[in-house]
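In case you want the letters, here they are:
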Amino acid sequence: MNEIKPSKSIGIRKSLVDGPEKVSGKAKYSSDFMPIGCLVGRIFRSPVAHAEIIKVDIEEAKLLPGVKAVITGDETDEPFGILPIARFEFPLARDKVRYRGEPVACVAAIDVETAQKAIDLIKFKYKELPAYFTSKDAMAEGTVDLHDHRPRNIEREVDFELGEVDKGLSDADFVIEESFNCAEVCQVQSEPHAAIAEYDAEREFITVRASTQVPYYDHLMLAKVLKMDEAQIRVVKPFVGGGFGCRTESLNVTLICALVARAANGTVGLTVSREETFITHRGRPETDIEMRIGVKKDGTITAVDYTAIQRGGAYSGYGVVTILYSGGLLFGLYDLTAVRYKGFRVLTNTPPPGAMRGHGITNVRYAFEALLDKIATKLKIDAIEIRRKNLLKGPNYETLNEMFINSYGLPECLDWVEKESQWNQRKGKMGKFRGLGVACGHYISGASKPVNWTGEPHATVHLKLDWDGSITILTGAPEIGQGSSTMTTQCAAEVLGLDMSRFQIITSDSKLTPKDNGSYSSRVTYMVGNAAIDAATNLKKILIEAAARKLDANPDDVECLGEYYSAGSQDEGLTFNEVVTAALEGTGTITVKGNFDTLPESWGTKKYRGGAISGSMAYAYAAQVVEVSVDPDTAEIKVEKVWAAQDVGKALNPLSVEGQIEGSVWMGMGQAISEGTLYHNGLGITNSMLDYRVPTIIESPPIEVGIIESIDPNGPFGAKEAGETSLIAFIPALTNAVADAIGVRPTDLPVTPDKLMELIEKNTKNENSVT
Amino acid sequence: MEFMPNFKLYRPDNVDDAIKIKTEHAEVRFVAGGTDMIVNVRRGIEQPQCLVDLTSISNMNDITEVDGGLEIGANVTLRNVQENKFIRQNYPCIAEAAGSVAGPTHQQYGTVGGNLCLDTRCLFYNQSEWWRQSNDYCLKERGDTCHVAPSGKRCFAAFSGDLAPSMLVYEAEINVVGPSGSRRIPLLELYRDDGMAHLTLEPGELVERVHLPATLAGDPSRYEKARIRGSIDFPLAGVAIRLRKGKSNAVEDIAIALTAVNPYPKVISDLQNLIDGKLSEDELDFIRDTVRKQSKPMRTTTVAPWYRRRVVGAIARRLAAELSA
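Residue numbers (my numbering), protein chains in the order written: chain A, 1 to 771; chain B, 1 to 325.
Derived by calculation from the structure, the hints in this document are not laboratory data. Warning: the hint list may mix true and false statements.
Taking lysine-lysine pairs in the DSS-like style, the calculated list, with each CA pair at most 25 Å apart, reads [stated by the list, open to error]: (1) A:Lys96 / A:Lys62; (2) A:Lys96 / A:Lys123; (3) B:Lys293 / A:Lys762; (4) A:Lys96 / A:Lys297; (5) B:Lys245 / A:Lys755; (6) A:Lys224 / A:Lys96; (7) A:Lys297 / A:Lys224; (8) A:Lys638 / A:Lys393; (9) A:Lys449 / A:Lys607; (10) A:Lys762 / B:Lys296; (11) B:Lys247 / B:Lys278; (12) A:Lys765 / B:Lys8; (13) B:Lys293 / A:Lys755; (14) A:Lys419 / A:Lys96; (15) A:Lys755 / A:Lys136; (16) A:Lys550 / A:Lys5; (17) B:Lys8 / A:Lys117; (18) A:Lys55 / A:Lys5.
Here are a few chain A residues that sit away from chain B, every Cβ distance over 10 Å (derived from the structure) [said to hold, decoys possible]: (19) Pro35; (20) Arg45; (21) Thr134; (22) Glu164; (23) Asp173; (24) Leu400; (25) Asn406; (26) Lys427; (27) Glu699; (28) Asn714.
Between beta-carbon pairs, the in silico distance windows are [said to hold, decoys possible]: (29) A:Asp499 / B:Ile38: 17 to 23 Å; (30) B:Thr145 / A:Lys167: 57 to 63 Å; (31) B:Arg154 / A:Leu678: 55 to 61 Å.
Where is the CB? At the ideal position from N, CA and C, for every residue including glycine.
Given these sequences and hints, build the entire structure.
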């Protein structure tokens with residue numbers, strides 16, 4: 001007889017458990033759930049950027065045959081918002097409209113043509129107010145406030161100093177400063193926003209399916225704006241075509257859909273266009289950064305002093321958190337002894353950004369890494385060496401803002417990209433118009449304090465074991481394409497030593513699965529992975545005890561080999577199915593649960609208001625080298641090759657990890673060289689996939705991925721974040737490569753050819769300029 | 001993308017029927033590949049009651065060699081142009097241009113006729129109905145202001161087809177068929193300098209086929225365009241050059257045509273002094289500067305007009321240098 005071994009699932013390249021449905025087209029997304037008789041929802045949107053609403057006249061629209069409901073801001077006076085401290089957005093505008101495209105009314109009709117005809121019959125009367133499309137204009141003296149409770153249109157001001165910054169700057173041998181502008185960007189996930197709401201008037205019950213990353217927050221906000229008991233609501237998340245952060249808060253599309261379904265007393269599907277998805281927004285805000293860094297001659301950083309201003313759009317969303325991340329997450333990558341940060345989140349008459357991948361830190365990190373590169377050039381220190389000079393002192397390290405760091409693979413990441421890119425042999429010898437650049441980044445593995453504090457564990461996973469020997473994993477963690485269902489299955493399978501085929505997973509249905517906060521801040525692998533391990537460990541204990549009973553052995557002597565359980569002293573063991581039968585005797589179907597909670601040591605600092613933001617159980621690290629060429633005639637940048645190393649703690653599924661890192665490179669490339677929203681008096685002019693230029697496969701460079709495993713002591717099998725960190729490092733690595741290629745350093749993103757040509761020409765006129 | 005409005009679709013199998021349907025109905029448009037037009041229909045820019053699909057007209061589907069020259073039916077797809085051996089050998093920049101249109105899926109459906117008759121483009125025009133309504137429409141469509149040049153009364157929407165310049169450098173002619181019969185005109189005469197009505201076709205007329213002359217077959221040529229992405233994007237500026245060299249590398253014949261920097265495909269004039277000479281640095285600079293001077297990009301895209309003018313000259317210079325080397 002062959003030796004029986006437990007099945008292994010961790011650290012093995014596993015294809016995604018929900019892959020077959022996706023590639024065969026069987027997967028059902030929100031807009032695929034349209035039963036017969038389903039009404040079509042359509043939103044009337046504000047044509048103006050800032051106005052007092054005088055009247056939304058819907059009388060004619062309501063009379064149109066085929067129209068079942070028309071609702072306006074009168075439908076609910078309950079505001080929504082992700083942050084309890086900043087809920088002042090209504091699903092449909094009430095007193096004022098504050099950006100072009102803001103939802104004003106919604107129609108539910110028997111078909112889309114009728115719905116559009118009804119939209120055309122709505123008369124919107126308003127009194128225009130001055131509108132502000134830039135942070136500077138909105139913050140100026142004498143402006144009209146968008147919201148009465150936010151004077152001067154400042155949503156949040158952050159101001160902290162940790163360490164002695166003035167002393168650090170005066171002790172420095174050099175102080176270098178620069179201003180940066182990063183354009184607003186959007187996620188452009190493949191699936192436009194969609195929701196379908198089914199109102200059951202008999203039971204006063206509503207079922208909502210939506211393209212969301214946070215069904216639980218949707219549930220809360222639905223109850224709030226519908227003024228319904230939470231128990232009368234069911235939220236289901238079907239397959240979701242990506243999110244990258246734009247669905248990490250309840251979106252007006254979902255709430256409006258539910259409101260209009262109730263008004264129509266029926267089922268309404270609301271699928272918005274790509275343009276409306278851009279308008280719904282929740283991308284990365286335009287950010288202006290002024291930063292100065294003081295350094296010693298040897299490259300040691302003595303102080304950092306910077307300001308970040310974010311154009312926050314008309315409502316808060318995650319805004320307060322974003323501007324806090326822009327401060328808190330400066331720490332934890334390098335050893336910083338003095339940092340001063342001023343952050344301004346500004347309210348403007350543009351659509352509200354949100355929590356895009358690399359939330360809050362991407363633009364600040366870009367500025368920091370670009371400036372560090374400039375310093376290295378000036379001091380004639382190698383760009384990798386200056387980073388090594390400033391590494392954290394060891395993997396157990398507490399930053400000035402009391403980050404809980406227990407694993408730190410950045411040194412190994414730098415070693416890997418240096419070696420693989422042949423940095424030392426090639427840097428500085430690339431010839432004209434070709435260059436190499438390096439940069440680093442880091443990111444949290446889940447926010448340790450949830451935005452909605454309840455006292456419940458951060459994550460709960462249920463495992464249901466039944467007579468047939470199959471195990472059903474029940475988790476609220478939303479699979480949005482990132483592979484969380486596969487990860488959860490792997491974790492449970494590994495603990496029980498079973499093949500993954502014994503498991504089926506059901507996710508994100510509030511009537512079936514335990515609550516989960518959602519897929520954001522890279523929390524799922526760390527938190528839900530740990531909860532899955534806990535649940536599987538609990539199940540294993542039950543199975544071992546059942547086997548011990550059956551074998552008349554001591555549980556301590558029973559060994560679990562996955563498909564086989566044996567007691568050390570006996571020849572004959574039990575098959576898994578026999579153990580299951582034994583376990584179910586007298587008790588029936590078994591459901592166990594596992595939890596995960598964060599440790600208080602990871603809850604951030606109390607040294608300044610909002611210091612909990614950026615507290616995490618672990619941080620992932622990345623270093624990247626990018627090779628570019630620049631066309632001297634057209635100033636077009638071509639990314640020739642990328643070496644991307646990331647410390648992910650432990651690659652639970654190396655295939656998924658590689659995919660995440662490659663995707664990070666693509667997304668970073670968009671922000672770096674081609675993507676950015678543009679507005680004409682507040683009207684988005686780039687709100688299509690033609691005019692908003694996401695890189696295509698043609699732009700995709702060869703990407704070499706280096707997986708570094710630092711084994712975090714608290715992570716599931718040592719794992720940490722894998723989906724955001726590498727995006728952050730790519731952008732400055734690219735601009736640093738451009739500076740290396742042509743001797744001109746871009747400061748503003750995206751570095752489109754027209755902007756780069758302008759820089760090149762300015763530089764030609766001033767040959768002495770220092771890069 | 002907005003929803004597809006209802007319309008009646010006709011699919012005639014001959015040109016006469018197509019023209020008859022077109023003239024008998026109001027609010028009717030011809031459609032071939034539809035890769036550009038259907039987008040405009042969904043956006044409400046075009047609101048046809050009927051569409052006349054030309055792709056079933058069989059005698060417009062062929063590429064035929066005629067006396068050393070070539071006839072290309074208007075229904076021939078961009079992919080077939082790109083893959084055609086005779087075109088690749090004898091009119092190379094035409095194949096190159098066809099292969100640079102949008103992406104591979106567009107090339108599979110997009111046709112020669114459609115690309116030649118492509119509507120002009122502008123960032124204030126190629127937007128959704130809600131967007132244009134919120135912006136009070138524009139001179140080209142239902143409005144009375146040009147948002148590109150608000151003080152003027154002209155439309156500057158840019159012609160952005162890739163095929164036209166590549167065919168113009170080969171002095172292509174086209175067959176136009178309409179209610180009053182058939183006529184053969186130089187391709188250049190299909191266009192005029194007006195972003196609102198850049199085609200000279202009369203109501204009911206369609207482009208049936210393109211003729212490429214035997215006399216220029218085999219002349220070396222190149223087409224290149226500037227764009228942000230290497231796929232999908234319309235040209236920010238496109239250049240086609242045909243350059244035939246004679247004895248001791250002297251220029252025997254040269255033609256340059258541009259796209260995306262004027263409301264019509266622009267054939268560059270004043271190049272006659274280059275004939276019989278060699279293209280050294282000075283001549284290449286002359287080409288660059290002449291091209292820049294004759295291109296008039298306006299703020300019809302998100303990319304700055306000054307850049308497009310600079311780059312159209314730079315590309316022309318580079319292609320000329322390449323062909324003269």
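So, going through the hints one by one against the coordinates:
1. A:Lys96 / A:Lys62: holds (23 Å)
2. A:Lys96 / A:Lys123: holds (15 Å)
3. B:Lys293 / A:Lys762: Measuring from Cα to Cα gives roughly 22 Å; hence the hint holds.
4. A:Lys96 / A:Lys297: Outside the cut-off at roughly 55 Å; violated.
5. B:Lys245 / A:Lys755: Violated, at about 37 Å.
6. A:Lys224 / A:Lys96: Within the cut-off at roughly 21 Å; holds.
7. A:Lys297 / A:Lys224: violated (58 Å)
8. A:Lys638 / A:Lys393: violated (37 Å)
9. A:Lys449 / A:Lys607: Answer holds: Lys449 of chain A to Lys607 of chain A is near 16 Å, not above 25 Å.
10. A:Lys762 / B:Lys296: This hinted pair holds, its Cα atoms lying about 23 Å apart.
11. B:Lys247 / B:Lys278: holds (10 Å)
12. A:Lys765 / B:Lys8: violated (60 Å)
13. B:Lys293 / A:Lys755: holds (22 Å)
14. A:Lys419 / A:Lys96: Status violated; Cα separation ~58 Å.
15. A:Lys755 / A:Lys136: holds (22 Å)
16. A:Lys550 / A:Lys5: holds (21 Å)
17. B:Lys8 / A:Lys117: holds (19 Å)
18. A:Lys55 / A:Lys5: Outside the cut-off at roughly 72 Å; violated.
19. Pro35: Given that every Cβ of chain B is farther than 10 Å from that of Pro35 of chain A, nearest at about 19 Å, it holds.
20. Arg45: Check fails; 6 Å does not lie beyond 10 Å.
21. Thr134: Given a closest Cβ separation of 17 Å, the condition holds.
22. Glu164: Non-interface label stands for Glu164 of chain A: nearest chain B Cβ at 45 Å, farther than 10 Å.
23. Asp173: About 40 Å separates Asp173 of chain A from the closest Cβ of chain B, which puts it past 10 Å; holds.
24. Leu400: Non-interface label stands for Leu400 of chain A: nearest chain B Cβ at 41 Å, farther than 10 Å.
25. Asn406: holds (42 Å)
26. Lys427: About 27 Å separates Lys427 of chain A from the closest Cβ of chain B, which puts it past 10 Å; holds.
27. Glu699: violated (6 Å)
28. Asn714: Consistent with the label, Asn714 of chain A stays out of reach of chain B, its closest Cβ about 42 Å off (over 10 Å).
29. A:Asp499 / B:Ile38: 17 to 23 Å: violated (48 Å)
30. B:Thr145 / A:Lys167: 57 to 63 Å: For Lys167 of chain A against Thr145 of chain B, whose Cβ atoms are near 59 Å apart, the range 57 to 63 Å holds.
31. B:Arg154 / A:Leu678: 55 to 61 Å: violated (24 Å)
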